[in-house]
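Below are the chains, spelled out letter by letter.
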Amino acid sequence: MLSVHDVEKSFGGIKAVDGCSLKIKKSAIVGVIGPNGAGKTTLFRIISGFEKPDNGTIVFNGEDIEGVTSFAIARKGLIRTFQISKALTKLTVEENMLLAPQFQHGERIWNVWLRPKDVKRQEEENIEKAHALLEFLGLLRLKDEYAGALSGGQKKLLEIARALMADPKMLLLDEPFAGVNPTLAMKILERIKELRDNNGITVLVIEHDMPKIMQLSDHIYVLNKGKVIASGAPEEVRANEQVVEAYLGGVWGELR
Amino acid sequence: MIEYLPYVITVLLIAAIYAIFSLGLNLEWGFTGLINFGHVAFFAIGAYTTVLLNLSGVPLLLSVIAGVALAGLCGGLLGIPTLKLREDYLAIVTIGFAEIIRFFLLNEEWLTRGPMGVHVFSRPFEELIPGDYNFFLFPFVLVVLVICYLLLEKLIKSPWGRVLKSIREDEDVPASLGKNVFSYKIQALVLGSMIAGLAGSLLAFYLQYINPRNFMPIETFYAWIAVVLGGSGNNKGTILGALILWTFFSGTRFAQGYLPFSPTQMGALRILFIGVLLIMIMMFKPEGLLGKKEELTLAR
Amino acid sequence: MLQLVVNGLVLGSILALAAIGLSMMYSILNFANFAHGDFLALGAYLTFVFSAILGVHLILAGAIAVVITALVAVCCDYVIWKPMRKKGAGSVTLIIISIGLALFLRNLIIFLWGPDLKRYDLPVKRGIELGSVVITQNQIVVIMVAIICMFLVHYLLKKTTIGKAMRALSDNIDLAKASGIDVDRVIRYTWAIGMALAAVGGILYGLITNINPNMGWFMLLPMFAAVILGGIGSPYGAMLGGIIIGLAQELSTAILPTEYKLAVAFVIMIAVLFVRPRGILGS
Ligand SMILES: Nc1ncnc2c1ncn2[C@@H]1O[C@H](COP(=O)(O)OP(=O)(O)O)[C@@H](O)[C@H]1O
Ligand SMILES: [Mg+2]
Chain A
80 MLSVHDVEKS FGGIKAVDGC SLKIKKSAIV GVIGPNGAGK TTLFRIISGF
130 EKPDNGTIVF NGEDIEGVTS FAIARKGLIR TFQISKALTK LTVEENMLLA
180 PQFQHGERIW NVWLRPKDVK RQEEENIEKA HALLEFLGLL RLKDEYAGAL
230 SGGQKKLLEI ARALMADPKM LLLDEPFAGV NPTLAMKILE RIKELRDNNG
280 ITVLVIEHDM PKIMQLSDHI YVLNKGKVIA SGAPEEVRAN EQVVEAYLGG
330 VWGELR
Chain B
34 MIEYLPYVIT VLLIAAIYAI FSLGLNLEWG FTGLINFGHV AFFAIGAYTT
84 VLLNLSGVPL LLSVIAGVAL AGLCGGLLGI PTLKLREDYL AIVTIGFAEI
134 IRFFLLNEEW LTRGPMGVHV FSRPFEELIP GDYNFFLFPF VLVVLVICYL
184 LLEKLIKSPW GRVLKSIRED EDVPASLGKN VFSYKIQALV LGSMIAGLAG
234 SLLAFYLQYI NPRNFMPIET FYAWIAVVLG GSGNNKGTIL GALILWTFFS
284 GTRFAQGYLP FSPTQMGALR ILFIGVLLIM IMMFKPEGLL GKKEELTLAR
Chain C
2 MLQLVVNGLV LGSILALAAI GLSMMYSILN FANFAHGDFL ALGAYLTFVF
52 SAILGVHLIL AGAIAVVITA LVAVCCDYVI WKPMRKKGAG SVTLIIISIG
102 LALFLRNLII FLWGPDLKRY DLPVKRGIEL GSVVITQNQI VVIMVAIICM
152 FLVHYLLKKT TIGKAMRALS DNIDLAKASG IDVDRVIRYT WAIGMALAAV
202 GGILYGLITN INPNMGWFML LPMFAAVILG GIGSPYGAML GGIIIGLAQE
252 LSTAILPTEY KLAVAFVIMI AVLFVRPRGI LGS
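Sequence lines, in order, name chains A, B and C.
Taking our numbering, the leading residue of the first sequence gets 80, the next gets one more, and so forth.
Taking our numbering, the leading residue of the second sequence gets 34, the next gets one more, and so forth.
Taking our numbering, the leading residue of the third sequence gets 2, the next gets one more, and so forth.
Same shape as in the complex, but just chain A (with noise of 0.2 Å):
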């Protein structure tokens, strides 16, 4: 579905990405663990075309993504979130939920004017889509409340929920569970597994919490210094030397 290969991208001196390559099969959820700083944002950065790699190649669906801009390659099906939760405050909870829909009628200024009946349809339909969506997250009762208003676990929440709206085939998800509830945060992670299952949908995720990602993901990779040391499966990356290493004493001791 994914494959990213000898990425890299220096800021000034710092090398943030030094040469990852990473391979994601179709309908796999993938983790991405690392300390910080190990260059995971702007891995993603790149992957989604907010950032050029100085090098490297990334096909996405047999396509060659590299150079496309963000809102093409997110057309293709490939969604991001923000590590900074990145709702639009400015816009109501349901307003965002909206936003996200590809290729709307309503996107074009002639169809608002002259087929204001197509484009209401399929508004419905969306706005159903959404309200089922924040229902299920616990939102719909805020769904008029300016999402500026929301806690930063809601808005985290809501923006993978936004995300979710845009019928992405693949999805990268930056710590998404940061500052969202563990029982809520099981539940989404039941959510996306479900999607994976039904839908065919691919993840690839940053997270810190150790345990959710073991249990999450079907493979993880380990960055640091802006290299991949070491991927796998959950268990054989647990049992790797040279990842206890690189984070033996840190937060991350709660490996072993």
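To be clear, the hints were calculated from the coordinates, so they are not data collected in a lab.
Using N, Cα and C, we set each Cβ at its ideal position, and we do this for glycine too.
Any given hint might turn out to be false.
Computed, partial: chain B to chain C, Cβ under 8 Å [claimed, not checked]:
hint : residue
1    : Gly66
2    : Pro114
3    : Ile125
4    : Ile128
5    : Glu132
6    : Ile133
7    : Phe136
8    : Phe254
9    : Thr297
10   : Ala301
11   : Ile304
12   : Leu305
13   : Val309
14   : Leu311
Following the hints, put chains B and C with the ligands in place on chain A, whose structure we already have.
Same frame as chain A, now just chains B and C with the ligands:
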């Protein structure tokens, strides 16, 4: 009382023309967050194209359409080099463009008759209107204003408008959801410029005689005051803002007799006041009179 | 032709001086100050007031004007910019406030001193003829003063503590804050120095031609063109950009009507945006 009626109608007529002009800016700035400091250029392009084409024999309606189209085209062309870069480049480029258009109008006498200006050849339904033409032009402009307002409201409440508002807040989000941000910004700029062009045609019908002095840089900031005072991103507010502005201007004309200042000084005072007002609103009430505080962000 | 080059260098040095401050504010406060040109005009008018009206010697009048302009800029920082920084206002808001300030300053000048052309009370001296080229003494003064100011700026940025702090701020404001630099103080100095340079530019402009309330407005576009051409945030780029724009504007008069000088700056600016948006020396 009745002897004041023509005067009142005239003030309302001008306010309505400027309301249309300002609605164009509100689409760009209020809804999309684009800083256009050269809005007057499109006003001028609309006015001059309409009048010059009509003078050379093109039917009036067609001349107006051409003016609107040319204004839109120029808006789009200015957007191309700037809208992918930082947001202030558009401000710089539009401000320069407006000055260049004005110099062009002043200097290319073969086309525009330079500082002497041009007389309007014909006006809509002029031959059918007995008496004071403004009594017809005012309702006519009012109808155009209402149509513009309704079409814009429809757009703003549509998915298209939602994308604009998302760009205004943080363009990374619509981009991450597959919206072509650049294209939407161009669309907003083109449409806003077209509206300004239309307002320019109407201004020409009111003035009957246009010259480059009608399109000084300050005109742009009249629109800015109307938009910001009424509430950025609120079309009703923009119309209210334009009305307040022109009521205030006509008020200062009455005040002139009681103040010890020359007409030049009064003119300077007025614009000075506009400047102070712009600063005050942005500092203390950025949401304006009718805008919603929750929808406005300072941090841009 | 050579005459145009001389004129271009003279105009270019003025633009260069004025553009330094604009570029510094642009990178340190991260916004385009549309009132910059009107501070330039303010400097020129204050000099006029002190010399031609109050009879102070021109050099002294110029010095007083520069100090007052810098003080006005610092006052503006206290009254407008600092509170807005505290509110976390972004560049877009600041730009709109700056255009309000521009309208205010320009029309204050018109209100107080009228809209017509003014000139300094200068003795008319013969120019120096070098072959077909005539250089007036004032033109030489302009170039000399500009060169001295540029060296001062260079010294300030490279050698003094405040200059180093300014560069640190313009490189990375968060890092500068974290390293304990008093950001507000550095910003005040930047305003004072940037606007003092603009005022000097305005005064020099008054040496070569008439001054009028709109002079700042007409200089604004060339100044922005210089800043963008040189690269935003690079004082040396601004100097270089200023000279190039000045030269281009004067040389264009060989083939275009003089009224289109402004269009030349505009076209160069657009070309830079297309070809190399970060400018010659920008990072
Ligand atoms: N825009 C940028 N400019 C400069 N340095 C950056 C930028 N983005 C990231 N970096 C640097 O790249 C490195 C990797 O950062 P990041 O990808 O955010 O790590 P992670 O997400 O793994 O915590 C860090 O050292 C960070 O400082
Ligand atoms: Mg990160």
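*asked:* Gly66 (chain B) was flagged as interface toward chain C. Is the shortest Cβ-Cβ separation under 8 Å?
replied: holds, 7 Å
*Using Cβ atoms only, decide whether Val309 (chain B) comes closer than 8 Å to chain C, and label the hint accordingly.*
holds, 6 Å
*Given Leu311 (chain B) was flagged as interface, is its beta-carbon under 8 Å from a beta-carbon of chain C?*
Nearest chain C Cβ about 3 Å off; hint holds.
*Can Leu305 (chain B) be said to touch chain C, with a Cβ gap under 8 Å?*
holds, 4 Å
*asked:* Holds or violated: the hint that Ala301 (chain B) contacts chain C, with Cβ atoms closer than 8 Å.
replied: holds, 4 Å
*asked:* Quick check on the hint: Ile125 (chain B) CB to chain C CB, less than 8 Å?
replied: At 5 Å from the nearest chain C Cβ, Ile125 (chain B) passes the 8 Å test, so the hint holds.
*Identify whether the interface hint at Ile133 (chain B) stands, where standing means a beta carbon of chain C within less than 8 Å of its own.*
holds, 5 Å
*Hold the hint about Pro114 (chain B) up to the distance rule: shortest CB distance to chain C must be less than 8 Å.*
Holds, about 4 Å.
*Using Cβ atoms only, decide whether Phe136 (chain B) comes closer than 8 Å to chain C, and label the hint accordingly.*
Holds, because the Cβ-Cβ distance from Phe136 (chain B) to chain C comes to roughly 5 Å (cut-off 8 Å).
*Identify whether the interface hint at Glu132 (chain B) stands, where standing means a beta carbon of chain C within less than 8 Å of its own.*
With Cβ-Cβ at 6 Å, under 8 Å, it holds.
*Using Cβ atoms only, decide whether Phe254 (chain B) comes closer than 8 Å to chain C, and label the hint accordingly.*
With a minimum Cβ separation of about 6 Å from chain C (threshold 8 Å), the hint on Phe254 (chain B) holds.
*Would you settle whether the hint for Thr297 (chain B) is holds or violated, based on the nearest Cβ-Cβ distance to chain C being less than 8 Å?*
With a minimum Cβ separation of about 6 Å from chain C (threshold 8 Å), the hint on Thr297 (chain B) holds.
In this structure, none of the earlier numbered hints is contradicted; all agree with it.
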